[in-house]
Amino acid sequence: MRTVMRRFLVTRCMKLRVKTLVVTICCCLLIAYVMCEYVSSFIWKRENYNQSLPDQVSASETPEATDYDLHWMPKEHVFVKRVKTIGKHRNEQVIPSKSRDVECDGFTSGSQTGSTFANVTDKMFIYSVFYDGRLPKPYLRMIGTYKSEPEIKYMSELKCVFEISGGLSSSSTYLAYRNITFYEMCENHKRSYGGWILSCEVPLAMSSKPTSVRIIQGSRMSSATHYSELCVKSSVKNVETRKLNHGVCIPPIFGNIKPKDVLEFIELNRLLGAEKFMFYLEISDKSVSSGVLRVLEYYQSIRVVHIHTWELPFERSQIWYHGQSLAINDCLYRYMNDFHHLTFVDLDEFIIPKGDLRSWGDMLPDLKKQSEELYAKASAFSFKTAFFSPEFSRHVYSNELNTVIRVNRTFHFSYRRHKLMVLPERVFELGIHHVSRAWPDGEQFRVVHVPLETAFVHHYRACVQEFGIHCNARSEDSTVLNIFGTQLQYNVLKIMSDITF
1 MRTVMRRFLV TRCMKLRVKT LVVTICCCLL IAYVMCEYVS SFIWKRENYN
51 QSLPDQVSAS ETPEATDYDL HWMPKEHVFV KRVKTIGKHR NEQVIPSKSR
101 DVECDGFTSG SQTGSTFANV TDKMFIYSVF YDGRLPKPYL RMIGTYKSEP
151 EIKYMSELKC VFEISGGLSS SSTYLAYRNI TFYEMCENHK RSYGGWILSC
201 EVPLAMSSKP TSVRIIQGSR MSSATHYSEL CVKSSVKNVE TRKLNHGVCI
251 PPIFGNIKPK DVLEFIELNR LLGAEKFMFY LEISDKSVSS GVLRVLEYYQ
301 SIRVVHIHTW ELPFERSQIW YHGQSLAIND CLYRYMNDFH HLTFVDLDEF
351 IIPKGDLRSW GDMLPDLKKQ SEELYAKASA FSFKTAFFSP EFSRHVYSNE
401 LNTVIRVNRT FHFSYRRHKL MVLPERVFEL GIHHVSRAWP DGEQFRVVHV
451 PLETAFVHHY RACVQEFGIH CNARSEDSTV LNIFGTQLQY NVLKIMSDIT
501 F
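Note that the working numbering has the sequence shown beginning at 1, numbered continuously upward.
Among these hints, one or two may not hold up.
[As the list claims (entries may be wrong)] No more than 30 Å apart at the CA atoms, straight line, and that leaves these computed lysine-lysine pairs for DSSO-like:
| # | residue 1 | residue 2 |
| --- | --- | --- |
| 1 | K243 | K377 |
| 2 | K384 | K258 |
| 3 | K258 | K377 |
| 4 | K159 | K209 |
| 5 | K377 | K354 |
| 6 | K147 | K368 |
| 7 | K243 | K384 |
| 8 | K286 | K243 |
| 9 | K190 | K123 |
| 10 | K137 | K258 |
| 11 | K190 | K147 |
| 12 | K369 | K243 |
| 13 | K494 | K354 |
| 14 | K258 | K209 |
| 15 | K190 | K494 |
[As the list claims (entries may be wrong)] The calculated label-pair distances, taken between Cβ atoms and stated as ranges, are:
| # | residue 1 | residue 2 | range |
| --- | --- | --- | --- |
| 16 | Y227 | D356 | 56 to 64 Å |
| 17 | T24 | V464 | 32 to 40 Å |
| 18 | E466 | Y174 | 56 to 64 Å |
| 19 | F182 | R446 | 24 to 32 Å |
I should point out that these hints are in silico values taken from the structure, not numbers from a laboratory.
C-beta: ideal position from N, C-alpha, C; glycine also.
Throw the hints in and build the complete structure from the sequences for me.
Here is the structure:
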């Protein structure tokens, strides 16, 4: 009996040892697999994170297969393969890309030296000058800023000087002087520097549109204390030979912006109907990453994006929000003759049609059908805003899109944070959330407030409880997911595969 028990125990011990050995081998294999995955992931991240930029940014004609190995599962609303994310390249300098105007001989409008802002006096800077021929009496409109002081007597001493051909003989020229009128923009908020629209009448004796103008401080050229010659952006089309339907103006971008978010912004707006995008790119210690620059340069190469450098000639704290008012009004006048409609939004804002409407091209005829009289007299269409806050939905992973995952919004809408789609030829000055002054007057053209059933702004940012917004009252809204989700995912991933990071 004792021998039998001993054999039984020996057999059990051997079986336990075998099982333990098998479990140990399995654990070792699992650990080895995990380590391999970790090491390969680490190597991939290191290669993509520390990769240096070439001198010239260009699109990749033959992207690597590893750039595009992600598959979207529409039912589960998740990705199931790894894709290279566009990381922020640290310790790399921003590559400026200045916008060029052909009729300004290669210089940015507003400067004969190629600098962003022209220094007209020691207190005044002009960013751009435009020929405005909307009325029989033409004007030059200058987008500029000056340092506000109690004593502004020198403003009345500034004049435009035009050189006109044909004085006493056909070959002679003479100078015509015109006073400058000053119009203060509405969003200055008592900062040291404010935005202004300066205007001077173009002499009717000029046989052609002026290509440049001299700005002096004084009564005559001979006695002027300050003198500047500025390039004039004419009313010819700057984008295409024909007038396009929809352009989007984006005020100065800066800081920690993800390249993927820029891709998502452009591609969703293209699905909505946008044809061109005008970006103002801040050049400062808060400039965007090289990854964002690569995205913008790619779209610029396919004629979808226009880039304007934005380098303030003073500390940005001296002007309201990086000079946003100056930028949006520059975009208004610069592209006035290129588009029937200009939309002014930030990178986290989208004007989304509702109901059976699928695009801005569907939305505008629907508004006309609702009221032909209002539509005919519209200077702009104003859209209310709802917040799609990150805290309302689950975490959005690096390989997912904000507009697809975030499907919960505030139930109420902001009564102040409106965004605009304008008819640019009917606007003189644009505020951030409203039309400050229609053109030629507010009686002839007015803002149309778009019903919520037609469209409103999806604002993908943290909820702010103000102006009628209550962050605790929420509603589900899957418009972007249901209508654009699959196509948007495909478009973003396809563009990512076309860009070398």
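Hints versus structure:
no.: 1; hint: K243 - K377; result: holds, 20 Å
no.: 2; hint: K384 - K258; result: holds, 26 Å
no.: 3; hint: K258 - K377; result: violated, 40 Å
no.: 4; hint: K159 - K209; result: holds, 18 Å
no.: 5; hint: K377 - K354; result: holds, 23 Å
no.: 6; hint: K147 - K368; result: violated, 44 Å
no.: 7; hint: K243 - K384; result: holds, 28 Å
no.: 8; hint: K286 - K243; result: violated, 35 Å
no.: 9; hint: K190 - K123; result: holds, 16 Å
no.: 10; hint: K137 - K258; result: violated, 46 Å
no.: 11; hint: K190 - K147; result: holds, 11 Å
no.: 12; hint: K369 - K243; result: holds, 24 Å
no.: 13; hint: K494 - K354; result: holds, 27 Å
no.: 14; hint: K258 - K209; result: violated, 43 Å
no.: 15; hint: K190 - K494; result: violated, 46 Å
no.: 16; hint: Y227 - D356: 56 to 64 Å; result: holds, 60 Å
no.: 17; hint: T24 - V464: 32 to 40 Å; result: violated, 57 Å
no.: 18; hint: E466 - Y174: 56 to 64 Å; result: holds, 57 Å
no.: 19; hint: F182 - R446: 24 to 32 Å; result: holds, 26 Å
Hint compliance for this structure: hints 3, 6, 8, 10, 14, 15, 17 are not met, and every other hint is.
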